[in-house]
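Protein chains: 4
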Amino acid sequence: MSAFISDNVSGIHPKILDAISKANFGSELPYGFDQWSMQMNSDFSDLFETPVLVIPCTSGTAANCLALSLMVEPINSICVHESSHIFLDESTAPELFTGGARLSPLGGADSKIDLASLQQAMGTIGAMHSAQPGALSLTQSTETGSVYSIDELTQLTKTAKDKGLRTHMDGARFANAVAALDCSPAELTWKAGIDALSFGATKNGAMAAEAVILFKPNLFKSAPYRQKRSGQLLSKQRFLAAQLLAYLKDDLWLVNARTANQKTRNLATGLTNIDGVILPEQITTNMMFVKFTDAQVQRLQKHDLAGYVYANGSMRLCCSWASEESDIAKFIDCVSSAT
Amino acid sequence: MSAFISDNVSGIHPKILDAISKANFGSELPYGFDQWSMQMNSDFSDLFETPVLVIPCTSGTAANCLALSLMVEPINSICVHESSHIFLDESTAPELFTGGARLSPLGGADSKIDLASLQQAMGTIGAMHSAQPGALSLTQSTETGSVYSIDELTQLTKTAKDKGLRTHMDGARFANAVAALDCSPAELTWKAGIDALSFGATKNGAMAAEAVILFKPNLFKSAPYRQKRSGQLLSKQRFLAAQLLAYLKDDLWLVNARTANQKTRNLATGLTNIDGVILPEQITTNMMFVKFTDAQVQRLQKHDLAGYVYANGSMRLCCSWASEESDIAKFIDCVSSAT
Amino acid sequence: MSAFISDNVSGIHPKILDAISKANFGSELPYGFDQWSMQMNSDFSDLFETPVLVIPCTSGTAANCLALSLMVEPINSICVHESSHIFLDESTAPELFTGGARLSPLGGADSKIDLASLQQAMGTIGAMHSAQPGALSLTQSTETGSVYSIDELTQLTKTAKDKGLRTHMDGARFANAVAALDCSPAELTWKAGIDALSFGATKNGAMAAEAVILFKPNLFKSAPYRQKRSGQLLSKQRFLAAQLLAYLKDDLWLVNARTANQKTRNLATGLTNIDGVILPEQITTNMMFVKFTDAQVQRLQKHDLAGYVYANGSMRLCCSWASEESDIAKFIDCVSSAT
Amino acid sequence: MSAFISDNVSGIHPKILDAISKANFGSELPYGFDQWSMQMNSDFSDLFETPVLVIPCTSGTAANCLALSLMVEPINSICVHESSHIFLDESTAPELFTGGARLSPLGGADSKIDLASLQQAMGTIGAMHSAQPGALSLTQSTETGSVYSIDELTQLTKTAKDKGLRTHMDGARFANAVAALDCSPAELTWKAGIDALSFGATKNGAMAAEAVILFKPNLFKSAPYRQKRSGQLLSKQRFLAAQLLAYLKDDLWLVNARTANQKTRNLATGLTNIDGVILPEQITTNMMFVKFTDAQVQRLQKHDLAGYVYANGSMRLCCSWASEESDIAKFIDCVSSAT
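Protein chains in written order, with my numbering: chain L, 1 to 339; chain U, 340 to 678; chain F, 679 to 1017; chain V, 1018 to 1356.
Bear in mind the hints are in silico, worked out from the structure with no lab data behind them.
Hints may contain errors.
To be verified - Derived CB-CB ranges, DEER-like:
#: 1; chain 1: V; residue 1: 1063; chain 2: F; residue 2: 959; range: 50 to 60 Å
#: 2; chain 1: V; residue 1: 1203; chain 2: U; residue 2: 390; range: 51 to 61 Å
#: 3; chain 1: U; residue 1: 525; chain 2: F; residue 2: 956; range: 22 to 32 Å
#: 4; chain 1: U; residue 1: 459; chain 2: V; residue 2: 1203; range: 37 to 47 Å
#: 5; chain 1: F; residue 1: 703; chain 2: V; residue 2: 1203; range: 34 to 44 Å
Cβ atoms here follow ideal geometry from the backbone N, Cα and C, with glycine treated the same way.
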């Protein structure tokens, strides 16, 4: 298989596996009363420079949908991008967790919701027969590797909040966005109008750990009950918390994301100047869409190195903290030797 | 804290942690297409001597409620014991996963549903104004450490199935029941009329791994979609599958359960003949309820060794595969030195 | 069939049918923008001496469950009496409308929740593994014809509200309770701590009309959207509103209830002194439970005059505004001629 | 207000109101055990020339969503037209009734789903991360007055059923379609591959009555329980059944629809040859979209005669069985006198 089909083909970062091992001694209180779980709110509050409540989850779908369930009533719709993971790749989990709210898919270039689409979607506010826009969910970095600038974020969240909507960020690749924009986690979230963040760790080094980060105290109250209710409260939560603490320690999350972004640029650099290869104008995070010739695609597929080829003919390539230079070299070699 | 308040205070069994480490190399397909996940159906089918579908989950609540969601419609009720974990300790997760079916709590001695209660509960079948009994869920071993005999199981499941109900077993401590009854997993499940089992591993050595085992092919179809929809499909499922495979290998599940059951008997033996201690007539699995004198309780609490004391004055004590003989000795010593 | 099996065997009161006919002219705006619908809030606010929001519904189940859906989150439980209609006779509608909250059935004599049961039920507040008590629902008059005194109501609602619960009254037979207690609608509801009332009209003269009466402005906002979402917003709502307005006009609701209560007393009076008949000590509203001899029961059944006989051997008898004196006489005659 | 803004501005047809009055005598068993309810399956089976189960409802939203809830699991999506009432005008009722299935809006000219869109939507079948297409819902006649031909219906339903989808028809204006196509109800439904029909009566003469007609026996079993669960089971159902029986009697449903369609043509005829008025090429049912000059629109609005003006500048005009020739004349006069 190709090492570049997704960042979730990678394993567990040694420091995180080590943290799991280190947490494995003696008896410990279950259900979040262990020492690691008790440390999470503090460590994440430090990182985000504001008091937060952390709800750890074992999948990105659970984290996103749990966060949304805290924000909307079932009479609401949730504005998402039409290419978002929440809309396309989470089955009907959003409906399950929210008790039957509706996703409202919006357009916008580069997988980013555009302001006009958002404004139009809010046109049904007050119309009794229509789902009532109740939340805005933005993916950062997006499903195609682009990022919202802080200004873009702020404009969208302000527009939404002026109409009473809550704001969520799907940060399955939040670290890659922070690395790309070289700003603080706070600047990309609550300072830009975000109420809750799904802070991804799994794609970026954890085994199975995502954290819902709540910035608004009025979202705190039901959160632990919703965690339990959705089957996300682990008895041995210490091992989930230990992953997240190790992920924060010494900025491993950011180091890994920088590595992943850099590996992607390395892969791009190696593909530059190969006849027939069309690279994107800009590589922002750890994902890029590259056009190859038919011969190149076929050769990649023959050697089981190809990423997923989209309808428009471009191939998605994704690096992670674990991408090997040898795999990059092998990929480049395969492309360049196609005729 | 007391080492005996629950079996979920234990950590990860070395063999299971080792399996996680061993699975941590190179790139692997996500979402269950890894080699470990692909092995699960085969290994569990061998164990249960019949073709099964395995849906791995990260919590017992998720496993139970996911299993039930495959069995009932939202117009149904689910017959459970009034002291069951599903009824008392899973928040409104059963309602969430099933889309609003209702739990119908039944009575019965020793935390076991009695036949008359079940028969009475089914009296509303066909009554348009009432929730329609749609499934029976039995806990094996039960929340107080008792076990259903094969005959008891068979009689209950037959009664339920004659009326069209599906049958589920909450096997968070299934291994302890198998160890206690010295029978095969098949005999305790599908041969005794069980359609689906929540096969617990977390309390018995895993980090966070439970498996829904489906015995009826007509339950298979929706199961993977329900897994995804409930946030239980992990991208790096290899590490969940690796835990479960290691748990089965060389009967680790059974060895651990036997150890836990034996440790419980050891603890009881040590408490025998201490003045004021009233032991249960029989110790079946890894949990027992013991009455102590007030002085004994206070001394245990003072030394942070006490288990949970119930309304009736008895203390729940629970051993696991990891219970240390030194902790057992310390506990006994504390009790015997109380005045 | 017996005229006394339920008050819902009656038809439409002539004044209400007349109101439907009178509303049947010309074109009228749909979905509640007709003149009758626009009048409802005003008329009901007058009746209850406080500003209310009225949500008309076509069934009692819909009214109760819609009201509850405005009060609780899906992590909540709703305290109800174990013999309540909401618990026993509304299928899993409460779970549907609330998105999966749980009913918590409480005990108490005369179908009235007793304070100790309520206090005990609230013991799980703050326990993460348990459904969180979120609302208290009281039936007035109850499913067996008794009534809560204003003091009893006040004590229960105060206890609930002190712990943050909302309070609902199932008033399918609210009119009968007002008639029995000879107090004002305000005194029996918001002045006694009730946040929302299901104000029944169907059993007491309407064709199919129940009104959710909201006393708390913070319950208003989502209510119209929940009405629509649950299929309770009629296009020709004028005919539903017209029923409710006619029901209020000249206190028809109260006149009818007084009649129904009186008819019940008349029936009881006629049964007095018949050998073998055991009447209740007190007849409060329009329902009573009477014990007959076996011969009497059989004779009533033979002549298709019997009400429903409960497990304890007593027969439920229910009068309505439409009960005929001739039917009362026939019933008494049948009983007295049994040997 | 304009008499032509919708067909639901009309009142109750005299024959239907008369039927309600005639059903208003004596005591009758509640909850569907009255003589009128007991007659429905037989009368509708005659009309549709096949055994059907009828579930009466009080709103179109309830009928549609109840029907869909019988057809899909919560993991499913339901293919609907992007301009359908179910998608645009039923709030999140589809999500509520189905327990969180998703609507999948498809394109197609004239408000009719086109085959290619349907085929494309079914492309996610088997993809674990995507909602699984589970039902196809077609509106007949459509929300803009067009109709599917029998061939079009058959092709769509066959395509859907070949992939395992169920098929529903939103027939809020089913009668208008039958009148337009001059075919039998059977030919437009089960013979064309429809599993369940929402048979509308409210817009076409009833007070508040819609009927879910189930053609497939395997949909029957849960239907009565789902009716109860969704608050659609009326205690005095006799008055709902009486409306539906009267609606069928002497083909009142068809007579009314023919009248409504004819009135629409009459209105169009009157508008023909007025300068600036652009009529549709064809008037199929009882709804048409007409373009007027700005002056005409303003004059209509000034006299409170205008229908709803869409974004494309055309005005929706809708006639019913009750449309008055005098209102038609007044409308035409207003348009023709605009300068």
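Taking the hints in turn, this is what the structure says about them:
no.	hint	verdict
1	V/1063 / F/959: 50 to 60 Å	54 Å, holds
2	V/1203 / U/390: 51 to 61 Å	44 Å, violated
3	U/525 / F/956: 22 to 32 Å	58 Å, violated
4	U/459 / V/1203: 37 to 47 Å	45 Å, holds
5	F/703 / V/1203: 34 to 44 Å	36 Å, holds
Hint compliance for this structure: hints 2, 3 are broken, all remaining hints hold.
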